[in-house]
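Generate coordinates for the entire structure from the input sequences, incorporating the hints supplied.
These protein sequence lines map, in sequence, to chains A and B. Take the first sequence: its position 109, counting from 1, is numbered 109 in my numbering, and each next residue is one higher. Take the second sequence: its position 24, counting from 1, is numbered 24 in my numbering, and each next residue is one higher.
Quick caveat, the hints were computed from the structure, so don't treat them as lab data. Misleading hints may appear alongside valid ones.
[What the hints assert, rightly or not] Simulated crosslink set (DSS-like; lysine-lysine; CA at most 25 Å straight-line):
hint: 1; chain 1: B; residue 1: K348; chain 2: A; residue 2: K55
hint: 2; chain 1: A; residue 1: K187; chain 2: A; residue 2: K201
hint: 3; chain 1: A; residue 1: K47; chain 2: B; residue 2: K236
hint: 4; chain 1: B; residue 1: K236; chain 2: B; residue 2: K73
hint: 5; chain 1: B; residue 1: K351; chain 2: A; residue 2: K165
hint: 6; chain 1: B; residue 1: K301; chain 2: B; residue 2: K278
hint: 7; chain 1: B; residue 1: K235; chain 2: B; residue 2: K122
hint: 8; chain 1: B; residue 1: K358; chain 2: A; residue 2: K55
hint: 9; chain 1: A; residue 1: K331; chain 2: A; residue 2: K259
hint: 10; chain 1: A; residue 1: K232; chain 2: A; residue 2: K259
hint: 11; chain 1: B; residue 1: K358; chain 2: B; residue 2: K348
hint: 12; chain 1: A; residue 1: K232; chain 2: A; residue 2: K165
hint: 13; chain 1: A; residue 1: K331; chain 2: A; residue 2: K232
hint: 14; chain 1: A; residue 1: K201; chain 2: A; residue 2: K259
hint: 15; chain 1: B; residue 1: K20; chain 2: B; residue 2: K366
hint: 16; chain 1: B; residue 1: K122; chain 2: A; residue 2: K55
hint: 17; chain 1: B; residue 1: K73; chain 2: B; residue 2: K342
hint: 18; chain 1: A; residue 1: K201; chain 2: B; residue 2: K342
hint: 19; chain 1: A; residue 1: K232; chain 2: A; residue 2: K321
hint: 20; chain 1: A; residue 1: K259; chain 2: A; residue 2: K165
hint: 21; chain 1: A; residue 1: K165; chain 2: B; residue 2: K342
hint: 22; chain 1: B; residue 1: K112; chain 2: A; residue 2: K165
hint: 23; chain 1: B; residue 1: K351; chain 2: B; residue 2: K20
hint: 24; chain 1: A; residue 1: K47; chain 2: B; residue 2: K49
hint: 25; chain 1: A; residue 1: K8; chain 2: A; residue 2: K259
hint: 26; chain 1: B; residue 1: K112; chain 2: B; residue 2: K122
hint: 27; chain 1: A; residue 1: K55; chain 2: A; residue 2: K165
hint: 28; chain 1: B; residue 1: K49; chain 2: B; residue 2: K317
hint: 29; chain 1: B; residue 1: K294; chain 2: B; residue 2: K73
hint: 30; chain 1: B; residue 1: K73; chain 2: A; residue 2: K55
[As the list claims (entries may be wrong)] Computed spacing ranges between beta-carbons, pair by pair:
hint: 31; chain 1: A; residue 1: G277; chain 2: B; residue 2: S131; range: 24 to 32 Å
hint: 32; chain 1: A; residue 1: P309; chain 2: B; residue 2: V123; range: 25 to 33 Å
hint: 33; chain 1: A; residue 1: P147; chain 2: B; residue 2: G244; range: 37 to 45 Å
hint: 34; chain 1: A; residue 1: G10; chain 2: B; residue 2: P356; range: 48 to 56 Å
hint: 35; chain 1: A; residue 1: H314; chain 2: B; residue 2: G151; range: 51 to 59 Å
hint: 36; chain 1: A; residue 1: G277; chain 2: B; residue 2: P356; range: 45 to 53 Å
hint: 37; chain 1: B; residue 1: Q47; chain 2: A; residue 2: K201; range: 26 to 34 Å
The C-beta atom is built at its ideal place from N, Cα and C for all residues, glycine as well.
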Amino acid sequence: MATTAIPKPGAITMVEAIRQAMFEEMERDASVVAIGEDIGVYGGAFKVTDGMLAKFGRERVIETPIAETAIIGAACGMSFLGLRPVCEMQFIDFIACCFNQVTNFAAKSHYLWDAPVPIVIRGPSGGGVHGGPFHSANPEMYFMHTPGLKVIYPSTPSDAKGLLKSAIRDNNPVLFFEHKYLYRRLKEEMPEGDYTIPIGKAAVRREGRDLTIISYAAMAHTAMEAAVELAKEGVDAEVIDLRTLLPLDKETILASVRKTNKLLIVHEDTRTGGIAGEIAAVVCEDAFEDLDGPIERVTALDTPVPYSPPLEEHFLPNTAKVVAAARKLAKY
Amino acid sequence: MATKAGITSERERGMTEPLKREQYLDLYYYMQLNRQLEDRMVRLFRQNKIVGGLYSSLGQEAVSVGTCYAVEKRDWIAPMIRNIGALLVKGVPPRDIFTQHMAKYTSPTKGKDGTSHFGDLKVRHIVSPISMLGDLIPVMTGVAMAGRYLGQNIVALTWIGDGGSSTGAFHEGLGLAAAQKAPFILIVENNQWAYSTPVSRQVPVKNLADRAVAYGISSTIVDGNDVVAVYNATKKAVTECRGGRGPHLIEVKTMRMRGHAQHDPAEYVPKEMFEYWKARDPILLYEKYLTENKIWDETTKSEIDARIERELDVEQKFAEDSPMPPPEFAEVGVYCEDGCHKIEAEWKRAKADVMPPKSSFNPGWKMQDLGALGEIPTAKEVAAEGPNGTSAAKSNGAPARSTPGLPPQNFVNAAPPQRQSTPPTAQTEATEPAEPRIPFGRGPKDKAFRESPDNPQNKSYGRGGAQGKTFRKGHPEKTFNKGGQNKSFAKNPAGKNFSKGPQDKSGRR
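Shown next, in the form of structure tokens:
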């Protein structure tokens, strides 16, 4: 995995972009508060909330015990009084500890008893940094399968900033995955002023005619690299970065497939039950006649994320794997 | 069991002014309304007009009514499935409960959920429960924190059963509430049974309230079948909680007089247990109390009873005549979309207080001690320092808190009492603006609490006698005794010798 952005003067990392989004929202709206473990004095495990306590005080930067259920539960309660808490999972893997609060309480409140839960749950996710099986997860699909939630997984600093702002202003529980491999590996200049990016809109990163590669988060960069390789071989790939997984931008997906007639889906999440299956089903339902070849997918293996570098590299998709799959598909 | 028939003396300990006559009659009205409403629902259940399960609160009406009667309109509650009486006190009309149970389109959830699973954010301030128990504790902690943040001066109250008190959410929620000193009240409704499992097989402490000590919060134990006692204990807690003392836990001892739900004949409950509690029926006791204290007469009683009948006739008819929801309504409302709700906090303080530059400060931890062994008094030692300083110490033989070779105790503050009375705010930088007090949670620091009769350490309730009887001399470091609970096992209601291991069966459904 590498990134394609070329740093410019004034460009910032994804960590800084996320930090800016939170600071700006907290300055804009006193109902926005932050809650999580070690987010205050220490500034968070990845320093996303660095300086937040000093600026906004202990009432708005709430440091909690190690208790994810308490964090999400309290955030839900706060939201009932009109606050907009942004919860940090120190690593998104730990969201498994509060699964019940997220899926049974937060996700169902509006549907069942008309109580909106405007909270954001954000945290570092993804592999490639040798974090091992409990610090590298991509648990987005547990939540993709939960009606009532929104799931965002950006790949660039400016998207992260714009989408996080939208998430904070959204009236629903939003899960915001931050790929830790991307935290400091790429820099980008932020658009001017108070800008947001709408939730549920994919981005076409590269236009192409021969096949469509759909991906998101760190794999969006891998897909772009593969597209560059493929271009050398005369294969013109279109690359779509989903940015939001739920709600899924079916329109952009279908429009692209109708144009290129071939679809390759790449994700860092494990294979079985990954988003590729859902996208394949959507395309088969609505664009089957447009397909000129099988829907291909390149994903992580169906194993926990292994720790040792050779194991993890074997586990993860990479540019070579994507290029190989695209070559095969292009022959149809 | 040391409980005696009739209204207990708990009331005398309450600090509240006496209730007015109308309020006494209110308590009766709501308890009887609760019972008659459920009685009708049992009949509807037998007629197959109730969809799904029906969970009785028979025998527990005094808990729902007495606790909720003590909170104000601005305060927030989150009931459990059996707290129908609390919903009624908060102003929910009986038709809402009928229609919910009958899955009608006119119900608060329009058929999307049943039973007492509904809420009201705007008017009555009720948070809907979910079936997984304990999860409302962190949620209501958040409500309490938000209320404080917005300057609303509210109290958040929820209930948990003996069964639900074993869940992780209970612990996480109470831990956060304690750490935050949130204005939060937890009613531990000990109805003796988590589905089919008795308390003694779930929890190896004598009283569920004993657990409060471990969270560093205050607690009270009260007779759950004495509505006035329940009211007074809750009222006191609400007043103190609103005053900023932090969370409070009230254990109410009562009895579930039916099975877990209608399908369950509760044959596992020893007959004598039902008989004992039947004689202590909360409504029966309260009727007697009202008569003996000349608060009402037969005429008043029949007037109220007739009123309840009239009201329930109308409400039940409304529910029975209501339509079922249209099937396609299942698709509506998963997300809060544009224009669906306007979410706006109600600020009762200046927003500028929580905005920079006013909110800005120079953060950092200021430690009160080095955290060394012997430097910090244990919970038992704190208790031993109790009201007259010696009585508790005598009873359990707790050693003097000084261990050779340890750092001097005057590292930060000279004497333990001073350390104990240090306000939690002192633990952050002095430059910090006025903020909620955030203690480190090493047990009760508040001297007033330590010495108050509300501190369970200062109480000797019923079965187990004074704590720490079996404390082993000669082990000065081990101040938590492991044997003190055995008595309560021996005296389990069924008279059987249960094993001593803690069981973790919660009452989830």
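Given the proposed pairing of A/K232 with A/K259, does the C-alpha separation stay at or below 25 Å? 21 Å, holds
Holds or violated: A/K331 and A/K259, Cα atoms, limit 25 Å. 17 Å, holds
A/K232 and A/K321 were given as a pair; does the straight-line alpha-carbon distance stay at or below 25 Å? Given pair A/K232, A/K321 holds - Cα atoms ~16 Å apart, limit 25 Å.
Starting from the hint 37 to 45 Å, judge whether the C-beta atoms of A/P147 and B/G244 obey it. Between A/P147 and B/G244, where Cβ atoms are some 40 Å apart, the hint holds.
Does A/K232 pair with A/K165 here, judged by a C-alpha cut-off of 25 Å? Judged against 25 Å, a Cα distance of about 38 Å means the pair is violated.
Straight-line Cα separation of B/K351 and B/K20 no greater than 25 Å? Answer violated: B/K351 to B/K20 is near 39 Å, above 25 Å.
For a C-alpha distance cap of 25 Å, please report whether B/K49 and B/K317 respect it. 12 Å, holds
For A/K331 and A/K232, compute the direct alpha-carbon distance and say whether it is at most 25 Å. 16 Å, holds
Take a quick look at whether B/K348 and A/K55 sit within 25 Å of each other, Cα to Cα. 22 Å, holds
Taking only the CA atoms, is the gap from A/K47 to B/K49 under or equal to 25 Å? Not OK: A/K47 and B/K49 at ~57 Å, beyond 25 Å, violated.
Within 25 Å, alpha carbon to alpha carbon, are B/K301 and B/K278? 21 Å, holds
Please work out if B/K20 and B/K366 have their alpha carbons no farther apart than 25 Å. Distance of about 49 Å is beyond 25 Å: violated.
Of the numbered hints stated above, those contradicted by the structure are hints 3, 12, 15, 16, 20, 22, 23, 24, 25, 29, 30, 32, 34, 37, listed in ascending order.
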